[in-house]
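K.L.:
Listed below are the residues making up each chain.
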Amino acid sequence: MLLQISEPGAKPSARPRRLAVGIDLGTTHSLVAIVQDDRPIVLEDWQGRVLLPSVVHYHADRRVEVGYEAGAWQSDDPENTFISIKRYMGRGRGDVPERQGIPYRYADTSGMVQFETRAGRVSPVEVSAEILKALRERAVRALGSELDGAVITVPAYFDEAQRQATKDAAKLAGLEVFRLLNEPTAAAVAYGLDQGAEGVYAVYDLGGGTFDISILKLTRGVFEVLSTNGDPALGGDDFDHAIYDWLLQDTGIPAPAAGDARRLLAAARAAKERLSEQARTRVTVPLSNGSTVERTLTCETFEALTEALVKRTLAPVRKALRDADLAIGEIKGVVLVGGATRMPCIRKAVAEFFGQAPLSDLDPDRVVAIGAALQANVLAGNRAGDDWLLLDVIPLSLGIETMGGLAEKIIPRNATLPVARAQEFTTWKDGQTAMSIHVVQGERELVSECRSLARFELRGIPPLVAGAARVRVTFQVDADGLLSVSAMEQTSGIEAKIEVKPSYGLNDGDIARMIEDSYRHAQDDIAARRLGEQKVEAARLIEATEAALAADGALLSEDERSVIRRHVEALREVAEGSDWEAIKRASDALNDASTEFAGRRMDYSIKTALTGQKLEELQV
Amino acid sequence: MAVTLTEKAARQVQKHLNARGSGLGLRVAVKTSGCSGLAYALEFVDQSQPEDQAFESFGVKVVVDPKSLAYLEGTELDYVREGLTEGFKFNNPNVKNQCGCGESFNV
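So the protein sequences, as listed, match chains A and B.
Sequential numbering of the first sequence, starting at 1, is according to our numbering.
Sequential numbering of the second sequence, starting at 1001, is according to our numbering.
Please note: incorrect hints may appear among the correct ones.
Unchecked claim - Taking lysine-lysine and the DSS-like style, the derived pairs with C-alpha atoms no more than 27 angstroms apart in a straight line are: (1) A:K167 <-> B:K1067; (2) A:K217 <-> A:K332; (3) A:K332 <-> B:K1067; (4) A:K217 <-> B:K1008.
Quick caveat, the hints were computed from the structure, so don't treat them as lab data.
Owing to the predicted nature of the structure, the values given are computational and were not obtained by experimental measurement.
Please put together the full structure from these sequences, using the hints given.
P.N.:
Structure representation (structure tokens):
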């Protein structure tokens, strides 16, 4: 495409303003915001409330209620009332920890979990779509017009499957997704733009069900995420459960009925919220058997109950700092996101860890939705001339399997998104016409230690000698973190590609474990790689020598042939073992023994090529 | 590193500037748009901003804002004829791939 010079300030084309909203699809609450007259506004429902509880209730006649209305059914109809559905997005049965007080009936399916309700079987995607639909309707009512698109936020640690599930839910709700945006990044957008402050920031996001820590660098309007870490199974809910467990233990109730469990949990949550303002609070819960639970909870007791949870948030913070190669002192500010950061114990722990009071100018419940709305406004093209760019990172390296079971990294960990990288590979055998591409994710050198994401085959490679085909493998990760891989043979142009949508992907525990393993096993991995490479080299050498002997064995005397054969056999034998140095010695020996043979083959082939040619034809 | 013009491109810019009768030089920028994320923009410069970086190629001043420079470092701007059209072409070493129409790219 060729460009022409335009007048300064001239807009490429005058477009009508497009309506684009930002949606914070949260575990406990969801919000929708929009930018109007350059100011972000969080939209309210008809009663003036901005938070929509992420609760969905199914009636027998398939009628669906969302939000506060659905929340009213929590105690009386828990089996058909879904709370914290975000925990199940893109997750298989084995990924979801069993926990007391969760009354849903799992449907018998593989892949993503599904639930049986009295209105039929529903998936987490469908439940989330109901929440998104309610937000869309709220926005349409407030704006008086249909929406052009939305930016939806997800936790930074959401893997491919969870991101895809979120996109599917949006589609089901009739929303066009401009982009999925990491929640902490959205928070940084909200703060960075409002205050224009440059430097390295930490975003500490303790939501209802997820914890994220991101280290962000803000420079001249460019937002770069240096590293992310977190725990998708830790949030304000866990603090509620800590109080709930304490209530059960303190009162000696064995296993409460589902309805009682809900009431106790709701009371626990209310008590937690009151403790952000008061030093002590009274918890009163009437039970279904007519008795009443009554306890007094003090701040000290609450802090003792949740000390371990608070500490659990600090381990990912340390890892994120290490990944970004930063000391605590280099963090210029800490942004608090998520309703759970209202808890004084969290603020205290964060302030102590970073040695400074965290920023909390914006409402921690709204900050993500505001950032999403700002980003949606830019992506809708409503801010021409003053664009800012947003960079995100991938949490684990992506690569493919090469000969010998080794992982070749194509996109390194923490590469900024969107990203596309290509690398050339070649065939390994003469006449090889197909290549199997195995896409893996992880930090280790051996494929068996990495996570397998997908496999596909490139067929129809023209039969050439080993090493002559040129297969270009391209990895592309879009701004939403979704990966597609393509392979193309350069001389023939044949191509194969795959979009990676695993049935369910890595959770943060896997990611943290894989990174730690890669550090711990660095030495083993180097040795394994060396051995693997040496074995591949040996096999290639044997293959090539045997092919040459079969083709031009007549150029050698019987003695010469048997010497080479002996070296081939010797190499074949040691290549079975695991002593890379022995394999290398045997390979070198075979190379030496066949040097003369190679020379004669060269002479012979030149002679053959020249035979019958006239001298003048050769002079080019 | 810098953003440079080929001699041919510089001649064209100078020609346009002469025809326009005013302008300090050429502004090269990167904006978010197109189907693959980022797109180039070329404008005349009437007023340079304090944060702008300025380069000179064959007597023509090239102005780049620091945000765009991150994406344009090392870029050479050429003036070419392709089929029936003539225009400016970006040779940007940072580009990892482009969308089909070539309007947008990513790094």
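K.L.:
Hey, K217 of chain A versus K1008 of chain B, does the alpha-carbon distance stay inside 27 angstroms?
P.N.:
At roughly 39 angstroms apart (the allowed maximum being 27 angstroms), K1008 of chain B and K217 of chain A break the hint.
K.L.:
Next pair to validate is K332 of chain A with K1067 of chain B; report whether the Cα-Cα distance is within 27 angstroms.
P.N.:
Cα-Cα ~21 angstroms, so holds.
K.L.:
Checking one constraint from the list: CA of K167 of chain A to CA of K1067 of chain B, max 27 angstroms. Satisfied?
P.N.:
violated, 30 angstroms
K.L.:
Does the structure keep K217 of chain A and K332 of chain A at a Cα separation of 27 angstroms or less?
P.N.:
Holds - the C-alpha atoms of K332 of chain A and K217 of chain A are around 10 angstroms apart, at most 27 angstroms.
Hints 1, 4, counting from the list given before, are not met by this structure.
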